Each structure stands twice: as structure tokens, then as C-alpha cells.
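Colleague: Work the whole structure out from these sequences, hints included.
Chains as they are written, first to last, in my numbering: chain A, 1 to 673; chain B, 674 to 879; chain C, 880 to 1047.
Since the hints were derived computationally from the structure, they do not count as laboratory data.
Nothing here was measured: the structure is a model prediction, and the numbers come from that model.
Yeah, the Cβ is synthetic: ideal placement off N, Cα and C, and Gly gets one too.
Just so you know, not all the hints are guaranteed correct.
No farther apart than 25 Å at their CA atoms in a straight line, the calculated lysine-lysine pairs in the BS3-like style are these [unchecked claim]:
1) B:Lys-836 - A:Lys-266
2) A:Lys-526 - A:Lys-571
3) B:Lys-745 - A:Lys-381
Under 7 Å between C-beta atoms, here's a sample of chain A residues computed to sit facing chain C [unchecked claim]:
4) Leu-4
5) Phe-7
6) Val-15
7) Leu-17
8) Asp-33
9) Ser-37
10) Arg-40
11) Ser-41
12) Cys-48
13) Ser-418
14) Asn-419
15) Arg-425
16) Gly-469
17) Ala-472
18) Arg-567
19) Gly-569
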Amino acid sequence: MTLLGHFSLWAALLVGLWGVVIAFSGRWQNRPDLAASVNRSTYALLACLVVASVALLVGLINHDFNIEYVASYTSRNLPGYFVFTAFWAGQKGSLLFWAVVLALFGALAQFLTSRRYADLLPYVAGVTSLVTVFFIIVMLFSSNPFERLAFTPPDGNGLNPQLQNVGMIIHPPMLYLGYISITIPFAFAIAALLSKRLDTGWILAIRKWTLLSWLFLGIGITLGMWWAYVELGWGGYWAWDPVENASFLPWLTMTAFLHSVMIQEKRGMLKRWNLGLIISTFLLSIFGTFITRSGVISSVHSFTQSSVGYYFLGFLVAAAVVSFTLLYIRWPLLKPEVKLESMLSREAAFLFNNLALVGIAFSVLWGTLFPILSEAVQGTKVTVGPPFFNRVNIPLGLFLLALTGIGPLIAWRKASASNLQRQFRWPIASGLVVLAALLLFGMRNFYSIMALTLSGFVMGTVVQEFYRGARARHRIHGESYLAATYHLFGRNRRRYGGYVVHVAILLYFVAFAGGAFRVDQEATLKPGQSAEITSPYGHTYSLTHVGVSQFEALNRVVSVATLEVSRNGKKLGLINSEKRQHVDSFGRPQFQPSTEVGIRYDLREDLYVVYAGSVQGTEEAVFRFTINPLVVWLWIGGVLMIIGGITVMWPSEAGLVRPIPSAAAERPATAGV
Amino acid sequence: MTCVLHFWKYPARALVPLLLIVLVGGLGAQEAAPAPEASQDDAGRLYNPGAVQQRTPTVDLDNDEYIKELEKGLRCTCGCNLDIYTCRTTDFSCATSPALHREILALHNDGKTADEIREDFVARYGTEVLMSPKAEGFNLAGYLVPGSVMVLAGLLLTAHLLKTRRAKIPVPVSEEGVGYGDSVAGIDASPEELDRLRQELLREDV
Amino acid sequence: MFFEALAAALVGLLALWFVLDPVLRPAPPAPPVYEPPDPQETPKGLALAALREIEFDRATGKLSEADYDELRRAYTAEALTAIRAEESGATGTDDVERMVAMRVAAIRGGEVGDGVVCPTCGPRPEAEAAFCSSCGRSLNGVGACTGCGAPLTPGARFCGTCGTKVAA
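Modeller: Here is the structure:
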């Protein structure tokens, strides 16, 4: 199937280039036939790339090891669903995956966008097709997934065992979906700049897209943390690795955009800033891809180093120059419509929120790039690791958390001293209650205390917002409190869905605060022996080594170490941790033995057990025990973030109902009001 | 021997000694009797020792907080980008970090302080072995730039806001309150228009 | 191998045909399809939304009475201006009727109207009409905006939808 796949890529290149050239020529403005052709080119591009993807999948499923990519990432005994994930597990396949998903988004943008923006759409198609074409060029000229080998190996290399995990089935595609979908808002921004339609129109057209890519990125990052936590065996979930940072950066700028765009919609301010944010977000997503694939900055996650990185660097520079030049040319057209009325307004709070988010993004980017900078300036390589990032970002993160609580309490336009006092009384009280409780229980870690106190404050804000909102509806419309709360979501999904997301973010901070109290311990146990570990809450876990059993599974030899767990003398049950030695279909070992950790989840703390290895090939085992306080709130926060995000995106009733009769024909008043 | 050989096939057998211990020792007394004579023989060889990493038994210094902190500040040289402590406790496939760990323990046992050990590592592996660069020379820029840029941007933003703010919206203001009776103070509108506005406001109000 | 090559050729040809077809066989120009602006994004919609929010902010205790009065007055004026502009601008028709008329014309594919559009009454059935058969306005020199395709008001110098300058 490589011929078909390879040829489809060429066809896609041709079709894509046609769309790009016609779109940017601008000739379609007076030629509806050309506009139609540009529109159709996005669908044709998608079709060609789908054919190519199907060709690669067929190769993977048929175990056609003559294809270099198939031989590199799969083997005969690889479980079926991992054969699918091999599609994006390697460099070349992931490029194709990227291209086909981008083409899908590009076509959807053409298909779903209202004809109101008909004069933007060909430009949008031009940008999405251009980015897709770039990926096709990289594949065709540097990293072709359909490359064949001179011989056919009897079996493939198999998939890296760390990637043979459920988290790895969803995590990379989610992150890719986030990265890729950023292209659509970027395309609309460029289209608006090119066509000079710089009113809020383009912002409204991309509302859902920005939320979607923000949500995908958030889910992708959280799943990445979860994967690192359950698969890598170090009991942590974030290491400030360059690749992790790279995924965090566009999320930060996108979050900033989601907030500042509200000011543009309501007040016509910050047009330049918002365009800058969207462009930066796109560039950061390409930057992330560059870091992952170039090997310029060393990282645990990198693909094998290859020349592909330089294609991305070139593209990154070109995109940055063109986008910012365009922004500069249109600068005079982007004057703000109104001035800020008061320093004490939510607009001002949003500006500071943007400052904090972009500031964090800047410091993360700075830290990520500093090793390169240092080598260039002083000639010595340095390492910028977690100690650096924590020092800079924890205070900024706490500032941001505080703003999360402050922002919603301040009214749009203008706020006064008396209502500030009324608004802040209860949230501050709830923060202080948390603070007192923590001090009473003897917590002494400054940053953790701050994080939890501010979380209490933010929670107070959100609860008060819901309560006061429901009470207002109760008074105005006579609804019951329950119905009123429900209708709050109905009337202003963005605001109240946003509050749900705020609670999710707060839960992340709670989990981070717990990280300061992590306890870990290594122990060597013979069967029957036990070790004790004391949790920061004061109770003691006792873990008794039961024994190691070994068995063979489909593509691996599994060694399971079993421990019996009791807390303060009360039995909790058994916990297992595995070593997996993967083998090929001839039974020969592949890769190093990988680890499956045993985790006992608890709302207060996780007990995290790793079977690190055996002493002289006996059942005597080396274990690592970790107590991770509050980690589970990270995953709960992740689920809540999804719920909040979907709530915001859910189509509102007002948006579905189209304009209603003119005034003369209207009924006097709506019933029940 | 036979029992040990088939041990991996019947993992449940591994539970037998434990169940006995539990039954004999009672629920409250945890690991009352680790059965020393049993563990000598039963900690026999694994059926397939090659399927598991081989490790040396834990020593007390492995769990020493002082050593842990020291190792968290030094980078593993295997290219994984992690610190020595995290690397040697992660996935356990790296051979470099346990070796570095042993080096640190040896230096520590020679009576060297944390600073001396760090210097020793820098001398051998270069400055990049430190997880965060020393705050000196150009490295200061690394630490100070993000913070100062933030503070500067914050000040500029505040100054800008104070300069451009306008307290009033240009609208005629009167002393009377606003209501949608028959007229709105300061606004010239007929009762019909106000009625229309009121209806518009009620519409779409979910 | 042969079938694969055939399939590949087919994919390429189909893609090319699909993309180039509109250019090689241009369809008769469809009458412009009018899509009314989102009611929530018109000046009226924005002012009404602001008024509702002010009301709600006061009810939730976020606005002092003085601020409330001032802001409410400002946005009431804005809303009234928008309502007046709407009423004087398009008497007799509104967005929905205009949109429906244009959709109908678009579906009939040029049988009716052939692109002659009255700015107030929508597409006209008389292809060559110089005046609107409903309101009597002159239809000469009045057409769709070159920028966005929205119908133009006679005498307008700028398009009311997108602001593109109308060629004199």
C-alpha cells in the first residue's frame, strides 16, 4: 500500500498548494468560482490525506515489515490496539497524523463557519492548507512514513513498553489535537488581518475553536501527568522537562486569550494584544513540535534526533516574521474603541491576569531556552531544572490563583469601595478559616499554606457567586434556588462554566500543595519481611512482602511482587507491582524490563509502590514506597476541567433561537416574568 | 526444588506462608513472626531472573534525606535530563545514576561535605551537572530576567491604567433615579419606546 | 500492484477534478445569500446584554446604586438609539424576511430575479426591473456590496455590514 500512500501525499501536496496560491492571491474576491475551488481544495486535501493514513494503517495491521516505519514501531505479537497507536508513536507516523487531523479541522472550519464570514474563509483555507502543506513537505522530503526497506525483517522492533499503556493511547492524540486545533484560530486571525475585517467578527467565529483547543491541550497535559505518574515509577507527574514545558506554553497563552478576548467582545479593547496572543500561541505550538523533534534541547521525551527539526525551525521563523509583520502593517486599524473606565474594574483584573499568565509563559520559555543562551553567551552549558522553575513560577502561580478569586468579585466597568467590601467579606473569611485550620494542624510549609489558603479564598468566591446569582434569580424571577442555579448556567454558560473551571484549577493547586509533603523510602525485603512508612498525616503503613510470582503473557514475561498493606495495624489489602520484560515473537527479550507501579488511591494520599528489582535473582526484592498526599485531586480536577469546558462550549439557548418577530407582533411579556 | 520451579505458575502458593503467619499471628500483631527459617529457603531463585533488573540491597544511606537533597541538585549524565535521585528511582533501567549514587556515597563516607561533593562533580562533569546554575555572572540573568520583566510590565501596566482611566461615561446625568416608568431621567424617549425597550429586555431572558 | 497504481491514479484524478471543476465549469452566479448578523452582536443586542448584566450585577451586589444609575442611563441611551436606528432603517422588512427571500431565490437558482435585489424588499422576480415592483425604489446602481455581498441602501457610500467603500 506504500505506492498508494506515497502518491496520495503527492496529490495532497498538489491540491494543497493550489488552494494556498489561489487563496493568498486574493483573486477569489471577484471570482466566486475561484472561492468555490479554494473551499473544495480543503476537502480534497483531507480526502487525499485520509487515503494516505488508511494506507499506513493497512500496512501496520498487515504487519508489512518491509515498510521501515512498521518494522520500527510494531511487532507481530503487539496487542491489536497498540498497533493503532503505533500510527502516532513514531516521528514519521505522527507527522502524517498531524497533517490528516489538521486537514480535518481545516475542512470543518470551512464547513461549519457561518456564511457571515464568507469573505474570511478562503484566507482561512489558505492558512490551514499552508500549514498542512508544510507537514506534507516534511514527510515527502525528509521523513516519509511509506519508506521501504531493502529487505523484509521477519519481525519488527516492537513498541517501546512505556508506550504500551492506556494513557499513551489517548495522551498523545489529545495533545496533538490541542496543538493542531490552535491553527484554526490562528488562521482566522491572519484572515482578519489580510481582509482588514478587524471588528469582533473573527473573534466570534473562533470562540468555540479556541475553547476546543484549550480543552484538548488541558486534557492532553493532564493525561501526560497521569501517564508519567502511573507508568514512569518516580511518583511524580511534572519534571519541568523541555517537552512538558513546550506543551504548557501554548496552554498558558491560550488561557490568557480566553480571558482577554472577553474584554474585546464587551468593550472593544485589547485588539492588538489578542491578535498577538493568538499568533504567539500558534508559534509556541510549532516551537513545541520543534523542541520535541529536533533534539536541540535534551529531553526525556524526544523522538530520535533528525533533520526534521530544522524544517520546523525554518517554518517557525518564517511564520513569526510573516505574522508579526502583518500585525504591524495593520496596527493603525486596531485602535481600541473605548478607554478603561476605572482601575478597579474587572477589565483591569483581567489585564493583571493576562500579565501573570504571559509572565509564567515567559519565564518557562526563558528557562527552557536559557541553556542554549548560556552556551552562546558564556560558552558553558548549564542545566535549568526544577529548582529554577519552582523558584520563579510558584510565586507567579500563587498570584494567578489569587486573581482567580479576585477577578469574578469585581464588576465590569467600575467597582466601588463599599461593594468591594461586601463582595470580599465571605471569600476572605473562607480563606482565613482554611489558614487557621492548617496552622492548627501544624502545617509549616509556606508555599503549601499559601496555596491552600488561596484555594479556600477562590472556593469562597465561586460559592458566593453561585449563591448570589441564584438568590438574584430567586428574587427577580421567583424561581426555587435549585432551578435558579440551573438557569444560571443556561443564561451565562461562559461565566458559570468558567467558575467550574476555576474550581478545577484550584484542585490542581491543592494537589501541588500536597506535593511538598511527599515521603519516599527504599527497602529491601525478603518474603515475610515488612517495612514501615509514616505518612505526613501521622499514620503508619506497614508493608509485608508476600512474594514474587512470574508468568508469561502475550508479548512479555511478567514478574509480580505482592505486598500486604496495613495502616495503623488495620489490614487494607494486597498491592501489586510488576516488572515486564517484553519479548519478540521468537521469545527474545526486547528493551529493558519496564515497571508497572502499584497505587492505592485515596482522597488524602496515594500509597505508591514500585518493585525496583531483585537481589541476585531471588525473591528478595528492592521496593520503593512513596506516599503522595492529595495527588488524586489532580485527576478529579482534570475531570472537572472537562466538565467546565464542555459547559462553556455547550450551545446556548439564546444562540439557537434565531431572531424573533418585530416589536409590533410581539406578545406583551414572557410568561412567568 | 520442584516447588520452587513451579512457583511462578501458581502464584497463589506464595500466599500460603503468609496466610499461616496471619492466622497464627492474629489480626492485630502485624508481621509478628516473619518466620526466619522459611525466608532463608523460600527467598529462592526466581524462575526467570533475567526478566527483572538486578539490584544491590538497600543501605541506610539510600534513604538518607541529606543524600537525597544533594542528589536532587545534581544531574544524571545519562542524557535523561533528570536529577540523579529522580533518575535512579525512575524506571530503573538507567545504569548511570546508580553508579553516580555510589560515587556520592563514597565521597560522603570519605567525610566530604555537600559543597565539596558538588564541586567534585562540577570538576569532573562540567557545570551542567548542577540542576540549577550557580547564581553568578551571566547565570544571574537567568534568575533575574523573568522576575524583573514581570515587575516592570506590572508597573507599566499600572501606570498606563492610571493615566488612561476615565471616571465618567459621557452621558447627561441628573439627580433623579432611573426607572422605566413613563420616562428615564436624562434620556429623551417616549413611553412607547421605553415600553419597547422593556419588552426587548425581557425577551431571550432565559 | 497494478490495482494499487490504478487506485492511486484514481485518487489523484478525482481530487484534481473536484478542485478544478468550479473553475472549469463555472456555475451560474448564485444570488447572494444574506445571513443576518447574530442578534446578540448587533449594537442593540450588545446594549441589551449590558443592561441585563447591570441589572444582574446590582442584584448580586456588585454595583453601588450610584454606579448602577450611571451605567444604566448610559446603556439605556445606547439601546434606545439602536432601537430607533433599527426602526427607521428597515421599515416593512426585517432580517428574517430578507434572508428567506434571498434563500428562496438562491434555491430557485436564478429562475427568479437573476440577481436584481431591492435593498428593502429583497430579490425581485422581474429580472430586468429598473424600479422595485413593491416599494418603487430605483434599482439602478444599487446592488450587493463587493466586500461582503450584503445588499446596499441606495445612496450609501459605505456598506452597512462590513464597511467596504462603495464604488462611485
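Colleague: Against each hint, give a clear statement of whether it holds in the structure.
Modeller: Okay, the hints, checked on the actual structure:
1. B:Lys-836 - A:Lys-266: Since the Cα atoms of B:Lys-836 and A:Lys-266 sit roughly 22 Å apart, the hinted pair holds (cutoff 25 Å).
2. A:Lys-526 - A:Lys-571: holds (20 Å)
3. B:Lys-745 - A:Lys-381: holds (19 Å)
4. Leu-4: Given a least distance of 5 Å, the restraint on A:Leu-4 holds.
5. Phe-7: holds (4 Å)
6. Val-15: With a closest approach of 5 Å, the A:Val-15 hint holds.
7. Leu-17: violated (11 Å)
8. Asp-33: holds (4 Å)
9. Ser-37: Holds: closest Cβ of chain C sits about 5 Å from A:Ser-37, inside 7 Å.
10. Arg-40: Since the shortest Cβ distance to chain C is 5 Å, the answer is holds.
11. Ser-41: This hint holds: A:Ser-41 lies near chain C, its Cβ roughly 5 Å from the closest one there, short of 7 Å.
12. Cys-48: With Cβ-Cβ at 6 Å, under 7 Å, it holds.
13. Ser-418: Holds: closest Cβ of chain C sits about 6 Å from A:Ser-418, inside 7 Å.
14. Asn-419: holds (5 Å)
15. Arg-425: violated (10 Å)
16. Gly-469: holds (6 Å)
17. Ala-472: holds (3 Å)
18. Arg-567: Violated. Min distance 46 Å.
19. Gly-569: With a minimum Cβ separation of about 52 Å from chain C (threshold 7 Å), the hint on A:Gly-569 is violated.
Going through the hint list in order, the structure does not satisfy hints 7, 15, 18, 19.
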